[in-house]
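The listed protein sequences correspond, in order, to chains A and B. By the numbering used here, the letter at position 116 of the first sequence is numbered 116, and the numbering carries on one by one without gaps. By the numbering used here, the letter at position 286 of the second sequence is numbered 286, and the numbering carries on one by one without gaps.
Quick caveat, the hints were computed from the structure, so don't treat them as lab data. All C-beta atoms, glycine included, are put in the ideal place defined by N, C-alpha and C. Any given hint could turn out to be false.
[Unchecked claim] Facing chain A, from chain B, some residues (calculated, C-beta under 10 Å): (1) 39; (2) 138; (3) 228; (4) 302; (5) 303.
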Amino acid sequence: MKMLHTELHEIETAAELEKLIAENENVMVCCGRMGPMCIPVYGVMEELQEERTDVKFAVMAFDSPEAGIIRNNDACRGFMGLPFTMYYKSGKVAHATSSIQNMQQVTAILDKQFSTSNVENA
Amino acid sequence: MDEIFDVIIVGGGAAGLTAGIYSSRARLSTLILNEGAIGGQMVLTEEIANYPGVEKTSGYLLASTMKNQARQFGCKIKSNLKIKTYDLEGEIKSLVLEDGREFRSRSVILSPGGRPRPLQIPGEEQFKGTGISYCATCDGEFFTGKEVIVVGGGNSALEEAVALTSHAAKVTVVHQFDHFQAFQHAVDQAKTNPKIEFIMESELRSFSGNGVLKEVSIEHLPTGKTTSKSIDGVFIFAGYVPNTAGLEGIITLTERKEIIVDSEMKTSLPGVFAAGDCIPKRYRQVTTAVADGTIAALSVAEFLRN
Numbered sequence: 001m002k003m004l005h006t007e008l009h010e011i012e013t014a015a016e017l018e019k020l021i022a023e024n025e026n027v028m029v030c031c032g033r034m035g036p037m038c039i040p041v042y043g044v045m046e047e048l049q050e051e052r053t054d055v056k057f058a059v060m061a062f063d064s065p066e067a068g069i070i071r072n073n074d075a076c077r078g079f080m081g082l083p084f085t086m087y088y089k090s091g092k093v094a095h096a097t098s099s100i101q102n103m104q105q106v107t108a109i110l111d112k113q114f115s116t117s118n119v120e121n122a
Numbered sequence: 001m002d003e004i005f006d007v008i009i010v011g012g013g014a015a016g017l018t019a020g021i022y023s024s025r026a027r028l029s030t031l032i033l034n035e036g037a038i039g040g041q042m043v044l045t046e047e048i049a050n051y052p053g054v055e056k057t058s059g060y061l062l063a064s065t066m067k068n069q070a071r072q073f074g075c076k077i078k079s080n081l082k083i084k085t086y087d088l089e090g091e092i093k094s095l096v097l098e099d100g101r102e103f104r105s106r107s108v109i110l111s112p113g114g115r116p117r118p119l120q121i122p123g124e125e126q127f128k129g130t131g132i133s134y135c136a137t138c139d140g141e142f143f144t145g146k147e148v149i150v151v152g153g154g155n156s157a158l159e160e161a162v163a164l165t166s167h168a169a170k171v172t173v174v175h176q177f178d179h180f181q182a183f184q185h186a187v188d189q190a191k192t193n194p195k196i197e198f199i200m201e202s203e204l205r206s207f208s209g210n211g212v213l214k215e216v217s218i219e220h221l222p223t224g225k226t227t228s229k230s231i232d233g234v235f236i237f238a239g240y241v242p243n244t245a246g247l248e249g250i251i252t253l254t255e256r257k258e259i260i261v262d263s264e265m266k267t268s269l270p271g272v273f274a275a276g277d278c279i280p281k282r283y284r285q286v287t288t289a290v291a292d293g294t295i296a297a298l299s300v301a302e303f304l305r306n
């Protein structure tokens, strides 16, 4: 059951997330609630998904048991602020952030992690 | 861009969206340029129960409805952008974005809103999300059984301090003055809560830790003495600042950097109006922002008729 009211694709199961990151080179997933720290990040992603066609954008409900795949990820150790935002490159976690992020911060991460010249995560 | 809009509205919060609804419904070609997410401070409110005519809603849903209303009347909206320069003096106003795009109009409504006041001390950005939070409702559960600090002395700070006691083992309120700005009922609620302690006339000076926040330093202002305190989390509610940094020297601002307007929301420049949290006022509510936006849009319509 979908729990987030956004214009972004909502991932409902861990298996769906695994399939998404296996089939797409660049994936950004924001795992949160309909709260004040999460909604601005969804807004940024809604704007970006029109122009950044090289990236698959999706959301996942933090309170879904299936979201354990993100909540319990090693990259999220120590995170104490919603949303948990994951950046996957070629099936692996390239970067993760905790709490609110603005357009400049998200764009900087996308440019760094998903650049074709980024050999670190290639 | 060749098009000259009748009005450009800077900001897409309650004031800006309302101005957009009114001006586009008045058949004025209208563009909203919004630096953050649509809805402004409104989307930071989980539940709105005192908006007349709406029994209960969320800030997000109210903002979405306002956005759709504005769009249905023909208002164009561009968000998550950055305005680099304002040229507001001539008959045709010009706003240039950081990416080089220029937008022009015959009038401008400034409703850039405000943002939570950061403490601007070492470690604040580093530990955001790993110990520092600006939303107790969002992140309180991560501090279950732990000890946290709440910074501030207004209604938000004390109400959130009380809310945090349902998760945290202990909440310490750190406030710079010897008294609170909050309403008395909020002060009473906090003071009678056995889990809440107070450190008055003090300010945080730095955050430190190893991956996650571990410690803060606190200065007692009257004596200048600084002490360290081990802590699991810090929630910051230190008020709001108007988003008017790019307007300094262009338009008349108060000492608090708010835009000075008259009762018709006119600023110091002809054809430039302002509305919402960026103007001086005592009460900053969705309803007062909506009222400001309405007045500004109607004043623009009159300005353009003349």
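Now the hints, each set against the structure:
1. 39: holds (7 Å)
2. 138: For residue 138(B), the interface hint holds, since the closest Cβ of chain A sits about 5 Å away, which is under 10 Å.
3. 228: Hint on residue 228(B): violated, closest Cβ of chain A at ~20 Å, above 10 Å.
4. 302: It is violated, given that the least Cβ distance between residue 302(B) and chain A is near 33 Å, above 10 Å.
5. 303: For residue 303(B), the interface hint is violated, since the closest Cβ of chain A sits about 31 Å away, which is over 10 Å.
The structure shown violates the earlier hints numbered 3, 4, 5.
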